[in-house]
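Given the sequences, and given the hints that come with them, work out the whole structure.
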Amino acid sequence: MKDTNYTKWQLWSLVILRVAIGWHFLYEGVVKLLNPNWSSLGYLMDSKGLFEGLFHSIAGNAALLNVMDFINMWGLILIGAGLIVGLFTRVAAISGIILLAFYYLSHPAIIGVSYAMPTEGSYLWVNKNLLELLTLWVLLLFPTWHTIGMDRFLFNKK
Amino acid sequence: MSDKEKETSGNNMNRRDVLKGLATVPVLGAMAYGTWRKKRQDHIRSHKLAKELNMSSESLEYTPYKHDGDTLRIGIIGFGIRGTQLMKAAGFAPPKTVQQWKDDYARDSRNKRYTDFLEQDDLNIQVTGVCDLFDVHAEDGLAAAANIGREGSDGTMGTSAKRYRNYRDMLAADDIDAVIIAAPDHWHAQMTIDAARAGKHVYAEKGFSLTMEENFTIREAVKTSGIVYQLGHQGRQTESYIKAKEAIDKKLIGKINLIEVCTNRNSPNGAWVYDIHPDANEQTVDWDQFQEPCEVKRPWSPERFFRWRCWWDYGTGLSGDLLTHEFDAINQILGMGIPASASASGGVYFYKDKAKGHYVNEIREVPDVWNAVLEYPDMDFSILYSASLASNHNRGKTIMGHDGSMELGNSLTVYADRQSTRYKDQIQSGLIDPALPIYTYIPGRKNVDSVATATEQYFAARGLLYTYRGGRRVDTTHLHIAEWIQSIREGTQPSCNIDQAFEEGIAAAMGIMAQRENRTVFWDKDNEQVVQG
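Line by line, the protein sequences give chains V and Y. Counting from 1, one number per residue, gives the positions in the first sequence under this note's numbering. Counting from 1, one number per residue, gives the positions in the second sequence under this note's numbering.
Rather than coming from a laboratory, the hints here were simulated on the basis of the structure. Hints are supplied without guarantee of correctness; some may be wrong.
[As the list claims (entries may be wrong)] The list that follows gives simulated cross-link-like pairs (lysine-lysine, DSS-like), each with its CA atoms no further than 27 Å apart: (1) Y:424 x Y:245; (2) V:128 x V:32; (3) V:8 x Y:20; (4) V:32 x Y:38.
Given below as structure tokens:
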């Protein structure tokens, strides 16, 4: 698959957006990797909404919690790096959407719930997880990695 | 394309390919550089701070108490609410209770009371005697004593204990080495003195005593007998208190001047307005024996029997019951001992309405809102205690010093003071931000801590229920009993021994006197007596 014929401005704007989101993912992952005390426990226990029970039961199971911590940390790192350098970018973007969907479902910005973790803004239904998810979705539909990114070497073979 | 580019078009396409393919890779370098810079800055800050504070960084080692040697034979006096908890902490619970925990666990695996109980260390003890004045409680105690396999309703039981209708017969028995006293406060003195005289080791619940005089008679009896005595302040086993002591010793908060401790509860149970058992009557309860130590004999009152904490005849109110937990926590950290003076006030402000179903016949005497000030002029600080049994507003223990303050619960947080002398330069240089903690200690931070009931949460938040040893969640009451058992086996003194208990008992008695006599009560430490100011 080839990238769409963008103008230079369109192409680089999309690439910058892709790299910025990749940066956010990667740094979130690296921070967790560098903190020996990090665990997703607190976040999971703070879950609210429809899937609260599911996330609490993950938190309650030590083995599952370890798996979750591992997937989170390395998922964030690999997705972030993938988006930045444009390697396996499609997979990275889809995985990113799935991960963000989990974050959104565990902490939905619905009426009548508040979270222990403070937020810096005000949200109703739409929060930053959802926005980042939608942005990744748009990036998925407007691919740039066959032009700018290492996928160029993998998928553009003549 | 420029002319120059056109000239070398063959190779140039490859180069452009590579450039475009790798165009964003340098961003990774920027990330690595930024992360390294930030990490380095954090490291320098924490390293400098750690050097400045000189606190040991390790989490405390879990050194399990030893359970070898002969099996100790224990008698339990009082199998009510606290007696049941103490027996559980010793490894014995009625099958129906274990079954309940088991069912709860099957329904929700986060409810870990069952697995926690199974994993609790075996103390190598046997319960050979159960004494309770209420038949139903005595039967439950016997069932718990027989449940040596910690099984549910379908389990196979061991030999049960002997039931004693009077504790004096239990103390006379040869197959009792030690007793756990969980009877109401008005019996603590007589039972402890009799047990000491009979040479039986004692684990007794707080309050230490009912009256000022009893503090002296209990201490005398325990000291002359040489028994191993432990007062039931399980907070002694809380890991964060040990860290708090280290922080105070290393002068993290400087000269201490004020300590604020509190109690907050908001339920009939928390306010000691317990349920009255439907099977309790004059046939199933030995009411005469219950009120034997009381000057005024009253007609059978199920309300007084179950809710004894609400009347001065039997209970010590917020002073002996709950101030003591806070007092003992601070006493193990600061070792401040008996206050030079105590003043106190309070009243029955919430649980005063028969119409609201608070009481059957009689309204409580013991305040449900109560405050006390303990003065320590020799150490230049005051301890302020305030309690409400009708508000759950959560307040921790705070120790305030000139250089910083410390918040204590299951975790420990230390803040520098903006006007601190010790941290003046560090605050100026930006190394220390007074808005952020300079030291935090959160035991078992990676562990799941989903406690079951609101009451348990209350205690857990105050460090009274669970502590962490080696990252493992342990019931502090279990550790406290385990320490007592080990001390008996090794002939050593446990952490909340008779001297510590005496200090707690005097402080609590001063609080009660201050409120009931509406005056400031002074303590003459040289002559060990209460004096007029």
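Which numbered hints turn out to be false for this structure? Hint check: nothing fails, all pass.
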